[in-house]
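Chains as they are written, first to last, in the working numbering: chain A, 32 to 243; chain B, 36 to 298.
No lab work stands behind these hints: they were computed from the structure.
No residue lacks a Cβ here, since even glycine has one placed at the ideal position from N, Cα and C.
Incorrect hints may appear among the rest.
As the list claims (entries may be wrong) - Partial list, computed: chain A residues near chain B (C-beta under 8 Å): (1) THR152; (2) LEU156; (3) ILE160; (4) LEU163; (5) PHE166; (6) TYR167; (7) LEU170; (8) THR171; (9) LEU188; (10) THR191; (11) VAL196; (12) PRO236.
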Amino acid sequence: MDDFLIYSGYIILLFNLFLYLFSFSRKGKVNIFFISYLAFLVLVQFSMEVMFHMGKNNLFFTNVYFIGQMVVLGLFYYSILKSESQKKFVLWSLSLALLVLIIQYIFDHTQFLKFNLLEITITSLLVVIFGLLHFYNMLTDKKEYYYFTIGVVFYLLTSTVLFLVGNLTIGLTEELKLMSWRLNAFFIIIYYLIILLEWKVSFMPKKKININ
Amino acid sequence: MTASPVYEKEIVAIILYTSCFFMIVAVFLIVFFYFSRKKIIQKEVEKKDLEIQYQREQIHAVIATQEEERRRIAQDLHDDISSKLNIVSLNSHLLTSPNLTEAETKEITDNIIGLTTKALENSRKIAHNLLPPVFEKFGLNAAIEELCEEFESSKSVKIYYKNEIDFDDNEIDRHLHVFRILQELMNNSLRHGKSSEIWITFKKSEGVNICNYEDNGIGFDSKNEANQKGLGMKNIDSRISFLNGTIEINSEINNGIAIVFTF
Numbered sequence: 032m033d034d035f036l037i038y039s040g041y042i043i044l045l046f047n048l049f050l051y052l053f054s055f056s057r058k059g060k061v062n063i064f065f066i067s068y069l070a071f072l073v074l075v076q077f078s079m080e081v082m083f084h085m086g087k088n089n090l091f092f093t094n095v096y097f098i099g100q101m102v103v104l105g106l107f108y109y110s111i112l113k114s115e116s117q118k119k120f121v122l123w124s125l126s127l128a129l130l131v132l133i134i135q136y137i138f139d140h141t142q143f144l145k146f147n148l149l150e151i152t153i154t155s156l157l158v159v160i161f162g163l164l165h166f167y168n169m170l171t172d173k174k175e176y177y178y179f180t181i182g183v184v185f186y187l188l189t190s191t192v193l194f195l196v197g198n199l200t201i202g203l204t205e206e207l208k209l210m211s212w213r214l215n216a217f218f219i220i221i222y223y224l225i226i227l228l229e230w231k232v233s234f235m236p237k238k239k240i241n242i243n
Numbered sequence: 036m037t038a039s040p041v042y043e044k045e046i047v048a049i050i051l052y053t054s055c056f057f058m059i060v061a062v063f064l065i066v067f068f069y070f071s072r073k074k075i076i077q078k079e080v081e082k083k084d085l086e087i088q089y090q091r092e093q094i095h096a097v098i099a100t101q102e103e104e105r106r107r108i109a110q111d112l113h114d115d116i117s118s119k120l121n122i123v124s125l126n127s128h129l130l131t132s133p134n135l136t137e138a139e140t141k142e143i144t145d146n147i148i149g150l151t152t153k154a155l156e157n158s159r160k161i162a163h164n165l166l167p168p169v170f171e172k173f174g175l176n177a178a179i180e181e182l183c184e185e186f187e188s189s190k191s192v193k194i195y196y197k198n199e200i201d202f203d204d205n206e207i208d209r210h211l212h213v214f215r216i217l218q219e220l221m222n223n224s225l226r227h228g229k230s231s232e233i234w235i236t237f238k239k240s241e242g243v244n245i246c247n248y249e250d251n252g253i254g255f256d257s258k259n260e261a262n263q264k265g266l267g268m269k270n271i272d273s274r275i276s277f278l279n280g281t282i283e284i285n286s287e288i289n290n291g292i293a294i295v296f297t298f
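Using the sequences and the hints, build the whole thing.
Following this line, the structure appears as structure tokens:
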């Protein structure tokens, strides 16, 4: 059951990356940072899987994941936001967050080997806020990465809590420990499916030859 | 049972961070809603402003057309009737002068009779131009047929008119708008388009009356906004909006025009 959830997540993610790469190479319409984000997700998941099979602690990859996600998605929203003040806001908040996290790691680098609460909060918050900014712009303009933004906001709001209690689950028994991660794997699948929906709505080639 | 201090600290930290996270998200959501509302209201106001401006333009067009019509009627009355009645009046005065021979009296009365006949004819023509009697008596179809005949007889143009609708006489007010639109379009086709052939068809599809109008004139660039802002076009626009219909104008330079409107 667990493996099924996790691996179907991987498969959908890979499928997404493939589809977006296909659209990107065909028309070049897909945002480069969006592709980078998908590639980054694949890379993180793959490395974590490999480390797991090698029997090593792969927990520090969640930190890489959170920081990388914030940076890549921050750049992504930076590139699609319209007004100068919003762009400035994204750049400044990104730099500030990175600065805060670097300072934290300088003073306490043991944080890197567990769920870093400050980091999870800041990175998720920023991405949600960028998403809200984009929503605000989309109120009157045409919809662009609409479903993806819904997915990001939805997934980050739910998963952040799961990650925040992550350190607690380490001390729990096997049965309960996996509970929250099963939930997370389920949300990830929904998230990736929303990304798939985004591709279908925005990038699927319109002219289709009917093969019947 | 006592939990270890490290564990307790961890729980407190988690609770703090979680509540912080949701608090900030909530604040941003509220700010988001506030600004969204503002933005939507602003858009709404802009839309209303546009509507008002459009209505203002329509009213302007209506008044301008009214003035133009008045000027035209005044000119017609002055040129065709007043001038003739003037001469009639002069001739009548002549009749009162003494010592007129029989022949002179006859000439003057002939003159008067001829002029009054002409003035009468002209006044009938002016009235006819304002509202063709055929329209009121026999309805839209007959009026358009007559209009086509008039255009064909006086100007070098061939009109192909086809009607598949049985017009309801109770809707004569609405039909007058359709008639005026066609009149305007045909005038435009001749005056500006230099057309030699015009096609008019009426059809009914799914309960909606559709009129197709085409000509082979010089046309205009329908993508150019400036071409759609003329007085005549504005007039047609406001008539269409009276009829709760739609209009679509397609034209290319040297390719005639094609207009479809519903009513």
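> Of the numbered hints stated previously, which ones are contradicted by the structure, given in increasing order?
Replying inline: Number 12 only.
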